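Protein chains: 2
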Amino acid sequence: MNTDNTKSQMRKGMLEYCIMLLLRHQPCYANDIIQRLHEARMIVMEGTLYPLLSRLKRDGLLGYEWRESTQGPPRKYYVLTSEGQQALAQLDASWEEIERTVNFLKNE
Amino acid sequence: MNTDNTKSQMRKGMLEYCIMLLLRHQPCYANDIIQRLHEARMIVMEGTLYPLLSRLKRDGLLGYEWRESTQGPPRKYYVLTSEGQQALAQLDASWEEIERTVNFLKNE
DNA sequence: TACAATACCTTGTATCGCAAGGTACTAACA
DNA sequence: TGTTAGTACCTTGCGATACAAGGTATTGTA
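Those protein sequences? They're chains A and B, same order as listed.
For the first sequence, the numbering used here gives the first residue as 2, with consecutive numbering after it.
For the second sequence, the numbering used here gives the first residue as 2, with consecutive numbering after it.
Where hints are given, some of them may not hold.
No copy labels: a pair is met if it fits in one copy or bridges any two.
[Stated by the list, open to error] List of simulated lysine-lysine pairs, BS3-like, C-alpha gap at most 27 Å:
#1 Lys-77 - Lys-58
#2 Lys-13 - Lys-77
#3 Lys-77 - Lys-107
#4 Lys-13 - Lys-107
#5 Lys-58 - Lys-13
FYI, nobody ran anything at the bench for these hints, they're computed from the structure.
Every value quoted in this text rests on a predicted model; they were computed, and no experiment measured them.
Build out the structure end to end from the sequences listed, making use of the hints.
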């Protein structure tokens with residue numbers, strides 16, 4: 002079997018949550034996010050990240066601002082909006098529910 | 002926003018894992034699974050479950066046997082194969098990794 | 001025989017992650 | 001000035017999957 006596939010499926014829905022967790026404390030641009038998620042042992046591809054950020058922006062959960070870079074083109078720094086913070090609180094609850102579900106099933 | 006969507010996305014990849022957790026101790030047929038997952042606060046639709054079970058069967062992780070019912074047509078009871086148990090062990094590890102990732106990001 | 005209940009399965013749609021490829025801006029250097 | 005390398009943003013095509021809706025088959029009962 003390819004548990005790889007299942008594994009990536011498991012991470013699928015978590016991505017959005019993890020990214021919003023990342024942005025909770027500080028603005029980040031795409032490469033920041035990729036790198037910091039990598040440190041947290043979650044791999045994200047560019048082709049995944051950019052559409053996701055656009056989606057969250059479109060839904061009003063994220064905003065962004067352009068910032069100059071010391072080398073290279075300017076960067077789009079994403080920030081959690083207040084609506085995004087509310088959504089994040091709900092996702093916290095969802096995560097806890099999933100955690101409860103899995104632990105319930107594991108301890109049966 | 003519809004955190005409902007995100008929430009269902011979060012649960013998406015977990016389904017396979019949860020079902021295999023369910024089957025670890027005892028054979029179940031579809032309605033058993035739906036009901037017991039419901040008790041664990043995870044909602045699954047029939048149209049989701051049947052293809053998923055077929056997929057796991059096709060991949061050799063599940064087997065099944067027909068059993069008579071006291072009322073109604075016979076039922077297909079699914080069982081974890083030994084290959085399925087190995088896969089489940091890997092999914093346990095994947096789950097723990099995700100748990101670590103989320104907690105890491107939450108405590109930053 | 002007709003009907004309701006139960007159980008299994010399929011089809012069409014939407015969403016999402018990912019691989020690959022494309023565009024644009026900046027800096028360094030010949 | 002022209003070229004090249006590096007960085008950053010974005011899009012397209014594909015495969016996988018959950019879900020809603022609808023379909024088929026078996027059983028028991030009136």
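Results for each hint:
| no. | hint | result |
| --- | --- | --- |
| 1 | Lys-77 - Lys-58 | within (12 Å within a copy, 46 Å between copies) |
| 2 | Lys-13 - Lys-77 | within (24 Å within a copy, 30 Å between copies) |
| 3 | Lys-77 - Lys-107 | between (42 Å within a copy, 23 Å between copies) |
| 4 | Lys-13 - Lys-107 | both (21 Å within a copy, 18 Å between copies) |
| 5 | Lys-58 - Lys-13 | both (19 Å within a copy, 23 Å between copies) |
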